[in-house]
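Using the hints provided, position chain Z relative to the given structure of chain P.
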Amino acid sequence: MDLNPAQGRSGVEEPRRSALADFLILAAIITVLFSLIEMGKEWHHPFQSSVDINLSPWYLPYYTMLSFLRGAVAYVLSFLFTLFYARWAAYDRKAERFLIPLLDILQSLPLSAFLVPIELALVALFPHNNIGIELSCIIVIFTGQVWNMTFSFYYSLKALPVDFADVGKLARFTPWQKFTQVELPFATKGLVYNSMVSLAGGWFFLSIIEAFTIGNQDFRVKGVGSYMSVAQEQKDGWAQFYAVVAMMIMVVAIDQLIWRPLIVWSNKFKIEDTESEFQDRSAVLLYFSRSRLAGWMHRKFSNLVRRPPAQVVTAPRVMVEHSPGIVKKALERTPWRGFFTVVVLAMLAYGGWQMVKLLWEVTWQEWLTIAGDLLLTLIRVLSAMALSTVIAVPAGIWIGSNPKLARYLMPLTQIAASFPSPLVFPNLFFLIYLAGGEGSLQWGAVILMMLGTVWYILFNVIAGASAIPQDLRACTQLTHLHGWQKWRTLWLPGIFPALTTGWITAAGGAWNASIASEYVNYQGKTETATGLGALICQATDQGNFPKLAAAVLAMALFVVFFNRFVWKRLSAVAQERYQFLT
Amino acid sequence: MSTSASTSTPIVELSNIEMRFGEGGEKEMKVLENINLTVNEHDVMALLGPSGCGKSTIMRIFSGLIQPTSGTVKYRGNRLRGVNPGVAMVFQNFALFPWLTVRENVLLGLENASYNAEEKEQHFQKIIETVGLDGYGDVLPKELSGGMKQRVGIARALIMEPEILCMDEPFSALDVLTGETLRNEIGRIASDPSAGFKSLVIVTHNIAEAVYLARNIVVLAAHPGRVQKIVPNPLPYPRDPSSAPFQQLVAQIHAILTNSVLHDEPTVTEPELVSAENAEEATYVPMPNVTMGEVMGLVQMLGREPESIFALATRLKKDFSTFLSVIKAAELIDMVETPGQTVRLTKAGMAVHNADLKQRKKLIHDALLELKIYRYFADKIDQSETHELTEEEVLNDLTQFFPNERPKILFKNLVAWARYADLFSFDPRRAVLKRFEKAYLGKPPASRLRKAEESEG
Numbered sequence: 001m002d003l004n005p006a007q008g009r010s011g012v013e014e015p016r017r018s019a020l021a022d023f024l025i026l027a028a029i030i031t032v033l034f035s036l037i038e039m040g041k042e043w044h045h046p047f048q049s050s051v052d053i054n055l056s057p058w059y060l061p062y063y064t065m066l067s068f069l070r071g072a073v074a075y076v077l078s079f080l081f082t083l084f085y086a087r088w089a090a091y092d093r094k095a096e097r098f099l100i101p102l103l104d105i106l107q108s109l110p111l112s113a114f115l116v117p118i119e120l121a122l123v124a125l126f127p128h129n130n131i132g133i134e135l136s137c138i139i140v141i142f143t144g145q146v147w148n149m150t151f152s153f154y155y156s157l158k159a160l161p162v163d164f165a166d167v168g169k170l171a172r173f174t175p176w177q178k179f180t181q182v183e184l185p186f187a188t189k190g191l192v193y194n195s196m197v198s199l200a201g202g203w204f205f206l207s208i209i210e211a212f213t214i215g216n217q218d219f220r221v222k223g224v225g226s227y228m229s230v231a232q233e234q235k236d237g238w239a240q241f242y243a244v245v246a247m248m249i250m251v252v253a254i255d256q257l258i259w260r261p262l263i264v265w266s267n268k269f270k271i272e273d274t275e276s277e278f279q280d281r282s283a284v285l286l287y288f289s290r291s292r293l294a295g296w297m298h299r300k301f302s303n304l305v306r307r308p309p310a311q312v313v314t315a316p317r318v319m320v321e322h323s324p325g326i327v328k329k330a331l332e333r334t335p336w337r338g339f340f341t342v343v344v345l346a347m348l349a350y351g352g353w354q355m356v357k358l359l360w361e362v363t364w365q366e367w368l369t370i371a372g373d374l375l376l377t378l379i380r381v382l383s384a385m386a387l388s389t390v391i392a393v394p395a396g397i398w399i400g401s402n403p404k405l406a407r408y409l410m411p412l413t414q415i416a417a418s419f420p421s422p423l424v425f426p427n428l429f430f431l432i433y434l435a436g437g438e439g440s441l442q443w444g445a446v447i448l449m450m451l452g453t454v455w456y457i458l459f460n461v462i463a464g465a466s467a468i469p470q471d472l473r474a475c476t477q478l479t480h481l482h483g484w485q486k487w488r489t490l491w492l493p494g495i496f497p498a499l500t501t502g503w504i505t506a507a508g509g510a511w512n513a514s515i516a517s518e519y520v521n522y523q524g525k526t527e528t529a530t531g532l533g534a535l536i537c538q539a540t541d542q543g544n545f546p547k548l549a550a551a552v553l554a555m556a557l558f559v560v561f562f563n564r565f566v567w568k569r570l571s572a573v574a575q576e577r578y579q580f581l582t
Numbered sequence: 001m002s003t004s005a006s007t008s009t010p011i012v013e014l015s016n017i018e019m020r021f022g023e024g025g026e027k028e029m030k031v032l033e034n035i036n037l038t039v040n041e042h043d044v045m046a047l048l049g050p051s052g053c054g055k056s057t058i059m060r061i062f063s064g065l066i067q068p069t070s071g072t073v074k075y076r077g078n079r080l081r082g083v084n085p086g087v088a089m090v091f092q093n094f095a096l097f098p099w100l101t102v103r104e105n106v107l108l109g110l111e112n113a114s115y116n117a118e119e120k121e122q123h124f125q126k127i128i129e130t131v132g133l134d135g136y137g138d139v140l141p142k143e144l145s146g147g148m149k150q151r152v153g154i155a156r157a158l159i160m161e162p163e164i165l166c167m168d169e170p171f172s173a174l175d176v177l178t179g180e181t182l183r184n185e186i187g188r189i190a191s192d193p194s195a196g197f198k199s200l201v202i203v204t205h206n207i208a209e210a211v212y213l214a215r216n217i218v219v220l221a222a223h224p225g226r227v228q229k230i231v232p233n234p235l236p237y238p239r240d241p242s243s244a245p246f247q248q249l250v251a252q253i254h255a256i257l258t259n260s261v262l263h264d265e266p267t268v269t270e271p272e273l274v275s276a277e278n279a280e281e282a283t284y285v286p287m288p289n290v291t292m293g294e295v296m297g298l299v300q301m302l303g304r305e306p307e308s309i310f311a312l313a314t315r316l317k318k319d320f321s322t323f324l325s326v327i328k329a330a331e332l333i334d335m336v337e338t339p340g341q342t343v344r345l346t347k348a349g350m351a352v353h354n355a356d357l358k359q360r361k362k363l364i365h366d367a368l369l370e371l372k373i374y375r376y377f378a379d380k381i382d383q384s385e386t387h388e389l390t391e392e393e394v395l396n397d398l399t400q401f402f403p404n405e406r407p408k409i410l411f412k413n414l415v416a417w418a419r420y421a422d423l424f425s426f427d428p429r430r431a432v433l434k435r436f437e438k439a440y441l442g443k444p445p446a447s448r449l450r451k452a453e454e455s456e457g
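Here the protein sequences come in this chain order: P and Z. Take the first sequence: its position 239, counted from the start at 1, is 239 in the working numbering, and no numbers get skipped. Take the second sequence: its position 388, counted from the start at 1, is 388 in the working numbering, and no numbers get skipped.
In isolation and in its complexed conformation, chain P is listed as follows (with noise of 0.2 Å):
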């Protein structure tokens, strides 16, 4: 992928351009791999049942740490489930049949409705020590992260233009060599944005997860969540403080040092052979790349995902390129494929079966209860969303319209959606509670759930204004068209699409905050607002799971059809109608 003939092998002596830049990779390996041992040691704690916090902020990288590496975990778990599961659906058209639309669905489900399940299954499953809180950890940050890249990987796959599948054949290419060469640099700059908005939304349910308490039962981790969480306990000010701070600089310095170098390095893989003149820059991929040791590592790197396995060169060229036939043919032959279709759907009843007994216990009155707090919930979503729409859509206008402002303010707004609000969820409550008194959570949860939507509508509406071609805003001006007139003909319209998207993913925030808003600890106390995510927490805590199940089966259901309804045609009308021609 080298422009240059001459960069291969005279590389070797090349000047060392900074040594500080050499000492800063290898303290980042040793952090990591010393993190790591830190995290098996955690993990090997007998099980308590409430955390050991220490509110020094001497103790705070470390907790900060901790909780990146649920993060990063999580990612990479996410990360080969999505090249597992997306070439699974891309090149099987029978099994794409099925995995994509499950795929759909996953994608749409609340998880805060099973953050709860999740959490108590898999306590229970390892009582003794700290995995199963670990384990559920990285299992709802994986679950928050993986469908989006999923689903990224899976479009570039089926877009990946037939030439450059050709080029792979006639240059009979191996499976791996296909796969590093072809499939993995033209999906790569999907996968990048994906990972980021990815991991932002890890971070939002692990501020949840890891200050997890119901009634008197304590599901806190070691992490920053925690630490925030003991530090509002306690009412110590300046440790709340100091958890913010911690947040904000794990959020920046993963968008300056991962995400930022990421997008430009993925810049490389855009199909269009012209260079552009404005490109995107990174000074701290520079900085690495003009470093020696950087420079080494990507040759040693490059070489390996470039030269093919050992062994599949020297094998016959006619075996290589029909072992996957093969295996394939061989599959479908043994009666395997039959077996496991029995297994998973004796599997499938047998959890039915369980669920409907469970569900038989719940009373009609419980029903009712559930359906008038479904409702209650959706009201504080929806007004959440229309708060957010009318103060994010003129401000985002008035950004996007702006390039200057645009260049500056787009970065900031995506950072901002990276912080997990749930974090201060308790202090805002406060806030609430100072101005409106007694229940005023009831009113209070939709400002918190905010917090959630607000920035994804902000940074569509940003992104989709200054998307809007310089002509036809040109246009209105030289037709004399002001105020409300130019809303109706050329704003409104023309980020109608960049809207909708906006909306979708806001949506499914202020879902997954229905959770954290509606059931707030404070000081020792904790308050809650008439909903479907307070009934979860409360169910939970009575021990009432023929309940729990209801309610967590009436939000998944009645998220996933509000999407597929509502909001999936809202998106068709937009892109069908108001996208730009080209």
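Simulated from the structure, these hints should not be mistaken for lab results. Fair warning: this is a prediction, and the values are worked out from it, not measured in the lab. C-beta: ideal position from N, C-alpha, C; glycine also. Hints are not guaranteed to be accurate.
Not the full set, but computed from the structure, chain P residues with beta-carbon under 7 Å of chain Z [stated by the list, open to error]:
1. 471
2. 472
3. 475
4. 477
5. 479
6. 481
7. 485
8. 575
9. 577
10. 578
With a straight-line cut-off of 16 Å between C-alpha atoms, the simulated EDC-like cross-links for lysine to aspartate or glutamate are [claimed, not checked]:
11. P:486 - Z:104
12. Z:317 - Z:175
13. P:525 - P:541
14. P:178 - P:163
15. P:486 - Z:175
16. Z:362 - Z:334
17. Z:347 - Z:337
18. Z:142 - P:576
19. Z:362 - Z:319
Computed far set for chain Z versus chain P, every beta-carbon distance over 12 Å [stated by the list, open to error]:
20. 38
21. 70
22. 215
23. 216
24. 256
25. 259
26. 372
Positioned in the frame of chain P, the structure of chain Z alone reads:
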């Protein structure tokens, strides 16, 4: 839209316009310099020039869409504030609102007019017939072909009955035949006094188009954009492109453009930068925005006999001003010379013409090193401790040398030419420029191999 204003004052007057982009910053660039233009009633004016001469920028300035850095814009004798009320515009890429029907798009032009619904509809019917789109009123733009989209764009501008109808390269996004048809219709509308507008200003890079339509042809020069000459065009309408006077005028404008591009003084740095000790720097010449491949193609075509530049451009079906840039590039590295309106190979050019690929690279390599700018960077690379220059360093220098050019484009050309000649190579991953080194395809020298083994472990 007002008809009461006195007919003697010009509609628009530009005086001493100067335009700078990226003002105050490091990347400041002068786009327009000392522009003085007047658009009178019943004028048809063409703004003609090579890319980068700022012709669209001039149009946007007197439309009031952008404000000049300095100078005044007058509308009917008064200083223009905000958008020019007398201007309607037709855009290169149509600028139709995809969510509005043809009717809604066209009626945008009357959104703030004092007509009632019935009058608006009458206007709409009249205009839609003029542009030949009757029956398409309720169709969405995406269902129309490119030519029909531009007709909608024209209808939207005409319905405003503007004093000046502005057209920004209106036919260049269309295929040749469609563009030709539409141009003829614009010619017909322009010579029709009942068309609904008083004056027409068209931006184009096509000389025949300008001669076909305009009464006054403003020929612009680039870097920075300035008025080279205003050529009046007295030919009566309708004009016949195959007639002798038409051809003569086209040739005359070719000559002006050739002179302005080729026989121009080399662009020098700002006078204040040319102090006594670095007076020599004034001879840095920027690389035109063409590829070495194009230059080599030209060298292949030519011989020692001079050939007419205009005839060559026509034969190659090349846009004239683009072709001039190729010639300018070839002249810069001393491959061709351009006596008068002709071009022929120099001795060096002849050598390249007859050389094989390997020799040719060597010759171009040496020719580039004759250029002060390449020598400068070669020396700088050799003197630097790491034998590398970062992209930022090079960009900084280029900005210093050529304040009227876009440094990124210059950088791109600088690297591309040097790569062609195996002079420099650029590592995009680390964004550094260094001397070209041959890749070791055979056995590397022993010393090098040993070093490589050591550092690879």
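Does the structure keep residue 362 (chain Z) and residue 334 (chain Z) at a Cα separation of 16 Å or less? Status holds; Cα separation ~15 Å.
Double-check residue 578 (chain P) for me: the hint is only fine if its C-beta lies closer than 7 Å to a C-beta in chain Z. holds, 5 Å
Are the Cα atoms of residue 486 (chain P) and residue 175 (chain Z) separated by 16 Å or less? Cα-Cα ~32 Å, so violated.
Is the Cβ of residue 215 (chain Z) more than 12 Å away from each Cβ in chain P? Holds, because the least Cβ-Cβ distance between residue 215 (chain Z) and chain P comes to about 24 Å, which exceeds 12 Å.
The hint names residue 577 (chain P) as touching chain Z; please verify it with the least Cβ-Cβ distance against 7 Å. At about 5 Å, which falls below the 7 Å cut-off, the nearest Cβ of chain Z leaves the hint on residue 577 (chain P) intact, so it holds.
Sort out whether residue 541 (chain P) lies within 16 Å of residue 525 (chain P), counting only the CA atoms. holds, 14 Å
Could you grab the alpha-carbon distance between residue 317 (chain Z) and residue 175 (chain Z) and see if it respects the 16 Å cut-off? Holds, because 14 Å separates the two Cα atoms, which is no more than 16 Å.
Residue 362 (chain Z) and residue 319 (chain Z) were given as a pair; does the straight-line alpha-carbon distance stay at or below 16 Å? violated, 31 Å
Let me know if the C-beta of residue 575 (chain P) comes in closer than 7 Å to any C-beta of chain Z, holds or violated. violated, 11 Å
Let me know if the C-beta of residue 481 (chain P) comes in closer than 7 Å to any C-beta of chain Z, holds or violated. With Cβ-Cβ at 6 Å, under 7 Å, it holds.
Should the interface hint for residue 477 (chain P) be scored as holding, given a Cβ-Cβ cut-off of 7 Å against chain Z? Holds. Min distance 5 Å.
Holds or violated: are the alpha carbons of residue 347 (chain Z) and residue 337 (chain Z) at most 16 Å from each other? Within the cut-off at roughly 10 Å; holds.
Figure legend: structure checked against the earlier numbered hints; hints not met, in rising order: 8, 15 and 19.
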